[in-house]
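*Asks:* In order, the protein sequence lines correspond to chains X and E.
Residue 33 in the working numbering sits at position 33 of the first sequence, with consecutive numbering throughout.
Residue 2 in the working numbering sits at position 2 of the second sequence, with consecutive numbering throughout.
There's no promise every hint is true.
In this list, chains with the same sequence are indistinguishable; a pair is considered to hold if it fits within one copy or across any two.
Stated by the list, open to error - In the DSS-like style, the derived pairs of lysine-lysine whose C-alpha atoms are separated by at most 30 Å in a straight line are:
| id | residue 1 | residue 2 |
| --- | --- | --- |
| 1 | Lys-52 | Lys-184 |
| 2 | Lys-182 | Lys-279 |
| 3 | Lys-52 | Lys-192 |
| 4 | Lys-55 | Lys-349 |
Treat the hints as calculated values from the structure; they're not laboratory data.
There are 2 protein chains.
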Amino acid sequence: MSYFIFYKKLGFLNIEGLFLHSQRIKMFESKNPLRTPISDLGEFGLIEHLTKNVKINQATTVKGIGDDAAVISSEKDMLQVVSTDLLVEGVHFDLSYMPLKHLGYKAVMVNLSDIYAMNAEAKQITVSIAVSNRFPVEALEELYDGIQTATKIYNVDLVGGDTTSSTSGLVISITALGTVTKEKIVYRNGAKENDLLVVTGDLGAAYLGLQVLEREKQVFEANPNAQPELDNYTYLVERQLKPEARKDIPKLLEDLEVVPTSMIDISDGLSSEIIHLCKSSEMGCNLYEDKIPLDPQVISTCEEFELDSTTIALSGGEDYELLFTISTEDFPKIKANPNLTVIGHITNKKEGMHLITRADTKIPLIARGWNSMKEE
Amino acid sequence: MSYFIFYKKLGFLNIEGLFLHSQRIKMFESKNPLRTPISDLGEFGLIEHLTKNVKINQATTVKGIGDDAAVISSEKDMLQVVSTDLLVEGVHFDLSYMPLKHLGYKAVMVNLSDIYAMNAEAKQITVSIAVSNRFPVEALEELYDGIQTATKIYNVDLVGGDTTSSTSGLVISITALGTVTKEKIVYRNGAKENDLLVVTGDLGAAYLGLQVLEREKQVFEANPNAQPELDNYTYLVERQLKPEARKDIPKLLEDLEVVPTSMIDISDGLSSEIIHLCKSSEMGCNLYEDKIPLDPQVISTCEEFELDSTTIALSGGEDYELLFTISTEDFPKIKANPNLTVIGHITNKKEGMHLITRADTKIPLIARGWNSMKEE
Numbered sequence: 001m002s003y004f005i006f007y008k009k010l011g012f013l014n015i016e017g018l019f020l021h022s023q024r025i026k027m028f029e030s031k032n033p034l035r036t037p038i039s040d041l042g043e044f045g046l047i048e049h050l051t052k053n054v055k056i057n058q059a060t061t062v063k064g065i066g067d068d069a070a071v072i073s074s075e076k077d078m079l080q081v082v083s084t085d086l087l088v089e090g091v092h093f094d095l096s097y098m099p100l101k102h103l104g105y106k107a108v109m110v111n112l113s114d115i116y117a118m119n120a121e122a123k124q125i126t127v128s129i130a131v132s133n134r135f136p137v138e139a140l141e142e143l144y145d146g147i148q149t150a151t152k153i154y155n156v157d158l159v160g161g162d163t164t165s166s167t168s169g170l171v172i173s174i175t176a177l178g179t180v181t182k183e184k185i186v187y188r189n190g191a192k193e194n195d196l197l198v199v200t201g202d203l204g205a206a207y208l209g210l211q212v213l214e215r216e217k218q219v220f221e222a223n224p225n226a227q228p229e230l231d232n233y234t235y236l237v238e239r240q241l242k243p244e245a246r247k248d249i250p251k252l253l254e255d256l257e258v259v260p261t262s263m264i265d266i267s268d269g270l271s272s273e274i275i276h277l278c279k280s281s282e283m284g285c286n287l288y289e290d291k292i293p294l295d296p297q298v299i300s301t302c303e304e305f306e307l308d309s310t311t312i313a314l315s316g317g318e319d320y321e322l323l324f325t326i327s328t329e330d331f332p333k334i335k336a337n338p339n340l341t342v343i344g345h346i347t348n349k350k351e352g353m354h355l356i357t358r359a360d361t362k363i364p365l366i367a368r369g370w371n372s373m374k375e376e
Numbered sequence: 001m002s003y004f005i006f007y008k009k010l011g012f013l014n015i016e017g018l019f020l021h022s023q024r025i026k027m028f029e030s031k032n033p034l035r036t037p038i039s040d041l042g043e044f045g046l047i048e049h050l051t052k053n054v055k056i057n058q059a060t061t062v063k064g065i066g067d068d069a070a071v072i073s074s075e076k077d078m079l080q081v082v083s084t085d086l087l088v089e090g091v092h093f094d095l096s097y098m099p100l101k102h103l104g105y106k107a108v109m110v111n112l113s114d115i116y117a118m119n120a121e122a123k124q125i126t127v128s129i130a131v132s133n134r135f136p137v138e139a140l141e142e143l144y145d146g147i148q149t150a151t152k153i154y155n156v157d158l159v160g161g162d163t164t165s166s167t168s169g170l171v172i173s174i175t176a177l178g179t180v181t182k183e184k185i186v187y188r189n190g191a192k193e194n195d196l197l198v199v200t201g202d203l204g205a206a207y208l209g210l211q212v213l214e215r216e217k218q219v220f221e222a223n224p225n226a227q228p229e230l231d232n233y234t235y236l237v238e239r240q241l242k243p244e245a246r247k248d249i250p251k252l253l254e255d256l257e258v259v260p261t262s263m264i265d266i267s268d269g270l271s272s273e274i275i276h277l278c279k280s281s282e283m284g285c286n287l288y289e290d291k292i293p294l295d296p297q298v299i300s301t302c303e304e305f306e307l308d309s310t311t312i313a314l315s316g317g318e319d320y321e322l323l324f325t326i327s328t329e330d331f332p333k334i335k336a337n338p339n340l341t342v343i344g345h346i347t348n349k350k351e352g353m354h355l356i357t358r359a360d361t362k363i364p365l366i367a368r369g370w371n372s373m374k375e376e
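Same shape as in the complex, but just chain X (with noise of 0.2 Å):
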């Protein structure tokens, strides 16, 4: 499948700069008339030209771009959560493979996704850009594309945010705001003993679509006239390129009358979330092997890479599922819902943090992140 018709497949269809590294490079500096150096709009110009399509919707939403400051409005007996990341390129992507669209769509869920970790509505957020001169207007344009598509999927406001020059890379800072009831919100350290530890999605498919990607573009920079073969791996390379955050959490959680007594997301790998969670509720837990949820194409590949799938969902990192836990008493409520899968429950602190693996062997959970992997 060539790489066109694939990333169409992602559900983006008008995307610019599909290929790979050196193409798309190439495509950037060329002289060509769809290139226009940023330098022609100059800053101003530039924030009005790519946010001019920017529409509010949120009722809270007072004012947007445009001013010192974004304005929003308090509601009652509602408490505001408010997030920020930032993603440098070379650290947290690669435009050798991921294209402007995808980029700015996932920096957007990356964000969104700790709002939803607060059991909260995400709202409103800013982006902030530094880039060097090397982007043309139009790979702006891409990368703004995406962000808003973001924004309309997940029904929040563009409110304001910085673009500046940067003498290397590409940086993207992102602060999302959200809001939630006192009722409602969810924290890392409400996790008591005998609470069911509970994860959305599948995991481990992220980090695997990065090391297929890893794989053909050294495959292309040997070749480039080879065309990659991605059909096997479409659910893991969109999982990498295309992530979606859980805004149906927090909204299948008020339908199923639960709230969990702690909840963070997902981005470090499940090993890494559970100890953050455990450490901050002052509790040991015991999660089971054979209970973290799969795709078969995480575990065909994870075998034809000769890798462990188990250590992979542990330690893979970028899934932006959340993890969870409630009382036993909720179990009813939440045990035929697909979306839902208990992997463990949490213990007194003093039994400490382990993986019960499927010989049923008791070995201790340690933290291992993507970044910390990626040096072995």
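Please arrange chain E on chain X, whose structure you already have, making use of the hints.
*Replies:* Same frame as chain X, now just chain E:
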């Protein structure tokens, strides 16, 4: 005056890295026992280490650092204002003469200035940094020391952020949150014909401070034993290295019972900000050259550097003063105040935006921010 004594005079008594570029880098790169690599702590350890002394002072801060998002309670009838800025090494700052503690302090000021420009009170900030491993933990401690000093003096809470690695320079992204009542919020777009144009403080000093530091850097590079001569430029260099946002102005306006019709902060130069304000308000203006407030050190240094002081005030930037318009009825309330200078008035849009020179000629205002100036 030595740099050491000089920086002490800026009000930071225990800053590290008081010397010029080569010495600072040498210090950071040497294997002395005070240099702790960031990798010793890891990402989570680093955040914990840097923010362990953070205290919460605002009643509305429900939850600060340590969860997926910070949590802020809403206040009845208050609007929330949100502003964000990105500072990039090599674009916005040069570490050869900007000690990291000052940089941290200034980064907070840049953001708070936008909040005060809405006539609001700043309450919370989030701080994200991307940093390469050429910075030891001690350098980041210095940066956070400046950030936390600013939060104490300006009474805002540091409630969250992100810390990540960078492939090259240092990037700082700050988001500031504040509150203001519906009655007191001031936008850019409310200026009316005949309103008076008012500016706080004086202008042009920060830009000249940068010129002085650039000159001293060149002297130092030619002869590392030369002592920089800064005695005649203390105010200029302080305005560049340790600006103060005008937290006092919303309070002063309240005491004077004045609500400006429009307001903006001066970050890119007076000329550029007046144009923003007039365009947003769909108005014109007359600005009087002889009314522009200048410090005596600005005047004497402009003579020495053979620069036109009006050009510097109009296009220098980084003043972080406030520019606002008031109804002529309010003039008696502000006229005696030494913090405020009337520099012109608002006209009908079709009259355009003009500078009335000392020679009484009328020339069109042109936006030339400090960035474009540098290219000359």
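*Asks:* Work down the list of hints and note, for each, if the structure agrees.
*Replies:* Tested hints:
Proximity of Lys-52 and Lys-184 under a CA criterion of 30 Å is satisfied inter-copy only: 28 Å between copies versus 36 Å inside one chain copy. With identical chains, the CA atoms of Lys-182 and Lys-279 are at most 30 Å apart within one copy only, with a shortest distance of 23 Å there and 42 Å across copies. In this homomeric assembly, Lys-52 and Lys-192 come within 30 Å of each other (Cα to Cα) only across copies, at 26 Å, whereas the closest approach inside a single copy is 49 Å. Taking the shortest Cα distances, Lys-55 and Lys-349 sit within 30 Å of each other only across copies (27 Å), while inside one copy they are farther apart (49 Å).
The structure meets every hint from the earlier list without exception.
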